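Undergrad: Read top to bottom, the protein sequences are chains A and B. Under the working numbering, read the first sequence as residues 1 to 187, first letter to last. Under the working numbering, read the second sequence as residues 1 to 249, first letter to last.
Treat the hints with care, since some could be wrong.
[To be verified] For lysine to any residue, the following SDA-like pairs were computed, each having C-alpha atoms within a straight-line distance of at most 25 Å: (1) Lys-180/A <-> Glu-169/B; (2) Lys-180/A <-> Thr-168/B; (3) Lys-180/A <-> Gly-6/B; (4) Lys-221/B <-> Thr-30/B; (5) Lys-180/A <-> Arg-170/A; (6) Lys-180/A <-> Leu-208/B; (7) Lys-221/B <-> Pro-235/B; (8) Lys-221/B <-> Ala-32/B; (9) Lys-180/A <-> Lys-221/B; (10) Lys-180/A <-> Ala-40/B.
If you're looking for bench data, these hints aren't it; they were derived computationally from the structure. Treat the numbers as computed from the prediction; the structure is a model and nothing was measured.
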Amino acid sequence: MRTLRLPLPGDTTATRPSPTFDEAFAALFRERFPMLYRYLKRVSGDSALADDVAQESFVRLHARGEMPADPAAWLVSVANNIVRDEYRTNKRRRRLLALWVSPSEEGRGPPLSDAQVLTHEREAAVRRALETLPPRDRRLLILRHEGFSYREIAEALGIATSSVGTLLARATAALSRAYKGMTHASD
Amino acid sequence: MHPTEGMWQEFLDGESDPPVQRELAIHSDTCADCQRTVAALGRRQVLAAELLGRLDARVPERSVADVLSRPHARPRSSRRSLLVAAIIVLSVVTAAGAVMRTGVVHRAMNWLLGPAPQVESQYPPAPPPIPERDSSTGIAFVPAGTVEIAFEEWPHRGEIEIALREATEVSIIASAPSAYSAREGRVLVANRGVTASYRITLPQNVPLASIRVGDRVVFSKRGDALSTQARRTGPDSYLLSFSTGADSP
């Protein structure tokens, strides 16, 4: 559930004092941590990074001590900035790692079943198709897939709410084209 | 003048303002070009949802206490020093690696810098998820022969309009976000707790189609033979209305 519960007529909760920051933070965490994690994991493909950045974003919100006007958009925006910084500072580290992990090393570990191999291949094909899209479009699609509203997406990505529909339609078409192009090319 | 693709996208996502939503719904009833646009958008949306759903995103168990007890981000300068130190050690390991088995170097790299993202291929993969959108207001697909549409529960309010058209796709458009799961010609509309009206378009030439609401079959089509509890509102158009207190049409 994304929206806060509105008091109904005769609802006794309407007369209760507003929740403290910690209560609101805990509720937001339960509701939004999974969405933020999944968004980051799907954008980056890196579960450790997604976990770290999602937690860090919540730590920063807690350190702020008050809720922003749109907490969901604020969290995504902070998370995007952390990822950007992380990629900038660790660019060299990532390049070295990429050079060092040879395909033969990657393949070590328990052998995969046919179904597991197929799942990996299907995921890799989607990731390749996503990578043909500009980063903003990738984020847009994944945020929408995670159930973020147009207003939240606009706020998080710094675009006009009125443009979200058009950009989404184009990004969806581009993803569809890229994926079909890849699957046809591999036939 | 036709509404733009962006406007139809907003319509499908339930993000248009209610008056615009109503105007678009009326327009889509009469404009074949726009019906094609909406169907194409719906098809791409279903494909995108299915593709994005393939990306593994199992969420680790985390609590507020876990997150708040973790050490705050290290200052950037100390991160940089650590990175520089790691690179120096890396160079030493690299030199050693020239005469050692690469497996040792790889383990050393992992120990120093943590596993690289590629190592995730060793995670046990999740089975491919069933395409499902909890934020979608529409779905469209080309039927493979038989179509079965099942609404989870009998709604207290709203309408289900069924239209038979010269179309190649089945489409369901809702006035509020609803969750759909589709498999082998069967679409489940998870409408529990959702107040929405639905417009279902069925191709006229679909040989077998049925629409079930809760445990009742409200519409069925076998060849040209129709059986329905819905009110006929026009040539090939039928309507089921629901309101609180009246649990049958």
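Undergrad: Hint by hint, say whether it matches the structure.
TA: These are the hints, each one checked on the structure:
Under the criterion of a C-alpha separation no larger than 25 Å, the hint pairing Lys-180/A with Glu-169/B is consistent with the structure, at around 19 Å. With a CA separation close to 20 Å, the supplied pair Lys-180/A and Thr-168/B stays within the 25 Å bound. The straight-line distance between the Cα atoms of Lys-180/A and Gly-6/B is roughly 22 Å, inside the 25 Å bound, and the hint therefore holds. A hinted pair counts as satisfied when its Cα atoms are at most 25 Å apart, and Lys-221/B with Thr-30/B qualifies at roughly 24 Å.
The straight-line distance between the Cα atoms of Lys-180/A and Arg-170/A is roughly 15 Å, inside the 25 Å bound, and the hint therefore holds. About 30 Å separates the Cα atoms of Lys-180/A and Leu-208/B, which puts this hinted pair outside 25 Å; it is violated. Only pairs whose Cα atoms come within 25 Å are accepted, and Lys-221/B paired with Pro-235/B is accepted, the gap being roughly 15 Å. With a C-alpha separation of about 24 Å, the suggested pair Lys-221/B and Ala-32/B falls inside the 25 Å cut-off, and the hint holds.
Distance hint between Lys-180/A and Lys-221/B is unfulfilled; the C-alpha atoms sit about 34 Å from each other, more than 25 Å. For the hint linking Lys-180/A to Ala-40/B, the alpha-carbon distance of about 15 Å falls within 25 Å, and the restraint holds.
Consistency with the previously given hints fails for numbers 6 and 9, ordered from lowest to highest.
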